[in-house]
Amino acid sequence: MRAPIISMVGVLKRISSIKFALLSPDEIRRMSAIKVITPDTYDEDGYPKEMGLVDPHMGVIEPGLRCKTCGGKVDECPGHFGHIELALPVIHIGYVKEIKKLLQSTCSSCGRIMLTEDQIKEYNKILKNLKDLGGDLSDLEHITKEIVNDAASRGICPHCGAEQKKVVLDKPYTFREEGHKLSPKEIRERLEKIPDDDLIPLGINPEVARPEWMVLTVLPVPPVTVRPSITLESGDRSEDDLTHKLVDILRINQRVRENRDSGSPQLIIEDLWELLQYHITTYFDNQTSGIPPARHRSGRPLKTLVQRLKGKEGRFRSNLSGKRVNFSSRTVISPDPYLSINEVGVPIPAARELTVGLRVTPHNIEKAKELVLRGNSPVDEEGRYLPGVNYIIRSDGRRIKVTEKNKETVAEKIETGYIVERQLQDGDIVLFNRQPSLHRMSMMAHEVRILPGKTFRFNLAVCPPYNADFDGDEMNLHVLQSEEARAEARIIMRVQENILSPRFGGPVIGGIHDHITGMFFLTHKDAKFTEEETLRILKGIEYDHLPEPVEEKDGVRYYLGKDIFSLALPDDLNMSFRGSICQKRGLCKLGKACPDDAFVKIEDGRLITGTIDEKAIGAFKGKILDKIAREYGPDTTRKFLDTITMMSIGTITVRGFSTGIADEDIPEEAKRQIDELLNKAVRKVEELVRAYREGTLEQMPGRSMEESLEVNIMRELGKARDGAGEIAGRHLGLENPAVVMARSGARASMLNLSQMAGSIGQQAVRGERLFRGYYQRTLPHFKRGDLGAEAHGFVRSSYKSGLNPTEYFFHSMGGREGLVDTAVRTSRSGYMQRRLINALEDLKVVEDRSVRNTSNTIIQFTYGEDGADPAKIPAGIAVDVGEVVSDILGEEYSDELDIKESSFGTKDEAPEIEMDDLDEEGGDE
Amino acid sequence: MSDAKILLHHLVPEHQIVRKEEEEEILRKLKAKKDELPKIRKSDPVLRVLESAYGTIEEGTLIRILRESETAGMSVAYRVVVRG
Chain A
2 MRAPIISMVG VLKRISSIKF ALLSPDEIRR MSAIKVITPD TYDEDGYPKE MGLVDPHMGV
62 IEPGLRCKTC GGKVDECPGH FGHIELALPV IHIGYVKEIK KLLQSTCSSC GRIMLTEDQI
122 KEYNKILKNL KDLGGDLSDL EHITKEIVND AASRGICPHC GAEQKKVVLD KPYTFREEGH
182 KLSPKEIRER LEKIPDDDLI PLGINPEVAR PEWMVLTVLP VPPVTVRPSI TLESGDRSED
242 DLTHKLVDIL RINQRVRENR DSGSPQLIIE DLWELLQYHI TTYFDNQTSG IPPARHRSGR
302 PLKTLVQRLK GKEGRFRSNL SGKRVNFSSR TVISPDPYLS INEVGVPIPA ARELTVGLRV
362 TPHNIEKAKE LVLRGNSPVD EEGRYLPGVN YIIRSDGRRI KVTEKNKETV AEKIETGYIV
422 ERQLQDGDIV LFNRQPSLHR MSMMAHEVRI LPGKTFRFNL AVCPPYNADF DGDEMNLHVL
482 QSEEARAEAR IIMRVQENIL SPRFGGPVIG GIHDHITGMF FLTHKDAKFT EEETLRILKG
542 IEYDHLPEPV EEKDGVRYYL GKDIFSLALP DDLNMSFRGS ICQKRGLCKL GKACPDDAFV
602 KIEDGRLITG TIDEKAIGAF KGKILDKIAR EYGPDTTRKF LDTITMMSIG TITVRGFSTG
662 IADEDIPEEA KRQIDELLNK AVRKVEELVR AYREGTLEQM PGRSMEESLE VNIMRELGKA
722 RDGAGEIAGR HLGLENPAVV MARSGARASM LNLSQMAGSI GQQAVRGERL FRGYYQRTLP
782 HFKRGDLGAE AHGFVRSSYK SGLNPTEYFF HSMGGREGLV DTAVRTSRSG YMQRRLINAL
842 EDLKVVEDRS VRNTSNTIIQ FTYGEDGADP AKIPAGIAVD VGEVVSDILG EEYSDELDIK
902 ESSFGTKDEA PEIEMDDLDE EGGDE
Chain B
649 MSDAKILLHH LVPEHQIVRK EEEEEILRKL KAKKDELPKI RKSDPVLRVL ESAYGTIEEG
709 TLIRILRESE TAGMSVAYRV VVRG
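Chain order of the listed sequences is A and B. If you want the numbering used here, it's the position in the first sequence, counting the first as 1, plus 1. If you want the numbering used here, it's the position in the second sequence, counting the first as 1, plus 648.
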């Protein structure tokens, strides 16, 4: 193959400037390998026609043939340009705006820019100044625009005194001077007259771009390699869109020439000229507004030059910014709580394909030979996976495939400088990613664990940063190839280094769903476990010794769940907070015991009181997690997370857990109460409507009578739903699995439960009751003008009891709005994100902590103006006074001061902006 | 024309004209050339007020901006005066 990889490393060059220029007709002819005149491509025998569009002088696309210009074969010849001599000049559509500017700001008779000499000098000075102060292209554009406006506003030329007529552009490419059409020929003549010196104030460098070159007299024909034809299986040739367009141009060009030479009437020539202009315009850009796009025979619009470059599927976004990579793989993901959060399970078939390049040195040559001797699919004595070698790369860059047959001979030949491509093994560091990659935690480094099966696996605590679930999600994995990359990934990209998010200064990695439920059962009140259960829960967890048993009954030792959990905590951890299940009774503030066991108190690494739930270990909210990550570092946090994920899965397995619709059963008496409550609410609404009709309804400030009524009704019905939920809630205690999940924060909310058990409540579209549908009514089931609760979307049934047809319809209306909103939101925020990333992608923090872009311009003098790392600022508050006070004076004082919740109220709310109800809506992938 | 009142608004930070003698030292500290600094237009309302008080400010002059910050106390930024 090509030069060995080593020569590609370390060649760093900076682009100092890019110059844009115009191709002159001379240059086009000079770089042309052949003049193209024949509109046909192949003759009857299937050979390319001489001076045709696929003339072999312009390169070859068929294997075996040789280029007539350079003699190269398919992969050797890069292709050569040809050219078409245009019978009459034609405007280049890409420069219409420039031409307009030039025509308007120069004199039609002498060609000078219409500014006095003094003005020219003045403007040149400004331009020079701009250059010195580092103005960019947009500044330059600003000034040249000003100059053009200045020059164009003059009616008389200051140089020759000629009176100017107004030139207007009749889009897309016709110029008119007081109604008279200027032909491209006339325009070219005018542009030719502009002296070089007058071009500089107009923002044109005359050395590389003469304005008359914007009117084409010669058209370059791109090499055939740029527009290859494809042969269909039927043997027919199908030409590229560009070739089709060039055929059109050649045909018309030919006719224009014939008609001009034979002296046809001016009218006919002008029509043909116009047609030539059309074809050349669409050849450049087939989406020019104002002209119909050129179409293929099938009616599909042709993809011409601009279309090849523009947009998401264009050359830039698809081929230059977005490149495809090797050493990567993609498959479905599934969970594995027995992996560390730092690990990723890689299936054997993938591990066999993915390789790490090992450079052979005198120190590892024996090891390298041994590896190669294993062949490409080795297993150990028990049939387990061992890493083999797929390829070796010789010092000259040649790749040799390692097979079972040749492995001995290949191993023999290995010497220093060779690269051995070893298959993946346990402990290799890889990048793991799930799209959409919205934040930096969407791509983190994991350590490999080779596992049987076909899916990538990882610890569930890592789901939140990737926003992954296992309903068919796929993820990508990239194997790092250089020592630097591996070191960097290990130091800054590893999962454990990304537990604290720079987005809100709290943990993004943490317990979800069953972790939280499991922890709840482990630690709630005085949960006890037999020795056997305890050992099961602690399976796979490192600990010094079991805690003291709390009791012994019939020879069985019982351990307190809180003590088991304490094994996971660092020995000197002290903290206290109110958990998710807190009912805000305020007893803990008075120093009394919490009847719900919601007040978590940890002393010297022992859980004294309280239940561990979402507020303690949950992703986004876990306070213990936050504290450990902040004060003990990533290693301790990783161990803590690994331990509690295993512990909680163990607990929930030992205890057993399930939920069903029966969990929302409530007694008949409660149902009756709810019914009564809802009846009362509906009657209240009727009363409100009556009051409105009679005009006795109290008007609210700033609202019309109608609005006041609506607000009152909404409030009344909202109250009714909450009331129903409250009644249902009375019968749903913590012995109920569904309630455990809702209260501990594992999944769902009490609102969801009350909608299942009590009443679904008012449906809304755009925050208002439902009014759309028929004339003055939502459905034909109701009377016109009925303003009652049922007629406008109040669903009094519960999900469990089922909805009647009108309720079902209203519920669908509300549901539909939700779906539309999510769709609109994702697409809109996606575009916003793109714009933001485009603006920020080249910024970096340099050594002196200033933020600069690639041209070294200062964006911020100190990162964030305070130089602080947002991930290390607790929940977005720079100094947490409450924390400092409690650290120094002890817990009691901080509670007395109550700084945490009052003056720094944001601390608790900040992380809750999250994903509350966004997930899982789309069903499977 | 320009109104000095705008300087009193709590969202308008303090702007100072940097003396020519100081410039070199500042640029050296920042390890930046003038064209690598953020810019401020001559037509900026604050600059107009400064001009009415101290006379014409030439293009290329440095302006020091002092922002109060909850976290950093005071943050200092510089801008180069440009045309416009």
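No lab work stands behind these hints: they were computed from the structure. Using N, Cα and C, we set each Cβ at its ideal position, and we do this for glycine too. Take these hints with a grain of salt, some might be off.
[What the hints assert, rightly or not] Straight-line Cα separation of at most 27 Å, BS3-like style, residue types lysine-lysine; simulated pairs:
#1 A:Lys74 to A:Lys20
#2 B:Lys682 to A:Lys324
#3 A:Lys845 to B:Lys653
#4 B:Lys690 to B:Lys679
#5 A:Lys101 to A:Lys414
#6 B:Lys682 to A:Lys129
#7 A:Lys129 to B:Lys687
[Unchecked claim] A partial selection of chain B residues facing chain A, derived with a Cβ cut-off under 7 Å:
#8 His657
#9 His658
#10 Pro661
#11 Ala680
#12 Leu685
#13 Glu716
#14 Ala720
#15 Ser723
Consistency of the hints with the structure:
Annotation: proposed proximity of Lys74 (chain A) to Lys20 (chain A) is violated, straight-line Cα distance about 33 Å (limit 27 Å). Restraint check for Lys682 (chain B) and Lys324 (chain A): not satisfied, since their Cα atoms lie roughly 37 Å apart, outside the 27 Å limit. With a CA separation close to 37 Å, the supplied pair Lys845 (chain A) and Lys653 (chain B) exceeds the 27 Å bound. At roughly 25 Å between alpha-carbon atoms, Lys690 (chain B) and Lys679 (chain B) fall within 27 Å of each other, so this suggested pair holds.
Between Lys101 (chain A) and Lys414 (chain A), the direct Cα distance comes to roughly 69 Å. Violation of the 27 Å bound is thereby established for this hinted pair. Restraint check: the Cα-Cα separation between Lys682 (chain B) and Lys129 (chain A) comes to about 15 Å, which is no more than 27 Å; the hinted pair holds. Proximity of Lys129 (chain A) to Lys687 (chain B) is assessed by CA-CA distance (about 17 Å); at most 27 Å being required, the pair is judged to hold. Interface restraint check: His657 (chain B) against chain A, minimum CB-CB distance 19 Å, threshold 7 Å, status violated.
For His658 (chain B), the shortest C-beta to C-beta distance to chain A is roughly 17 Å, which exceeds 7 Å, and the interface hint is violated. The interface hint given for Pro661 (chain B) is broken, as the beta carbon of that residue sits about 11 Å from the closest beta carbon of chain A, more than 7 Å. A distance limit of 7 Å between C-beta atoms decides the matter here; for Ala680 (chain B) the minimum to chain A is near 6 Å, and the interface restraint holds. Look at Leu685 (chain B): its Cβ gets to within about 6 Å of chain A, closer than 7 Å, so that hint holds up.
Checking Glu716 (chain B) against chain A: minimum C-beta separation of about 10 Å lies over 7 Å; hint violated. Interface hint status for Ala720 (chain B): upheld, as the beta-carbon distance to the closest one in chain A is roughly 3 Å, under 7 Å. A cut of 7 Å between beta carbons decides the hint on Ser723 (chain B): the least distance to chain A is about 4 Å, and the hint holds.
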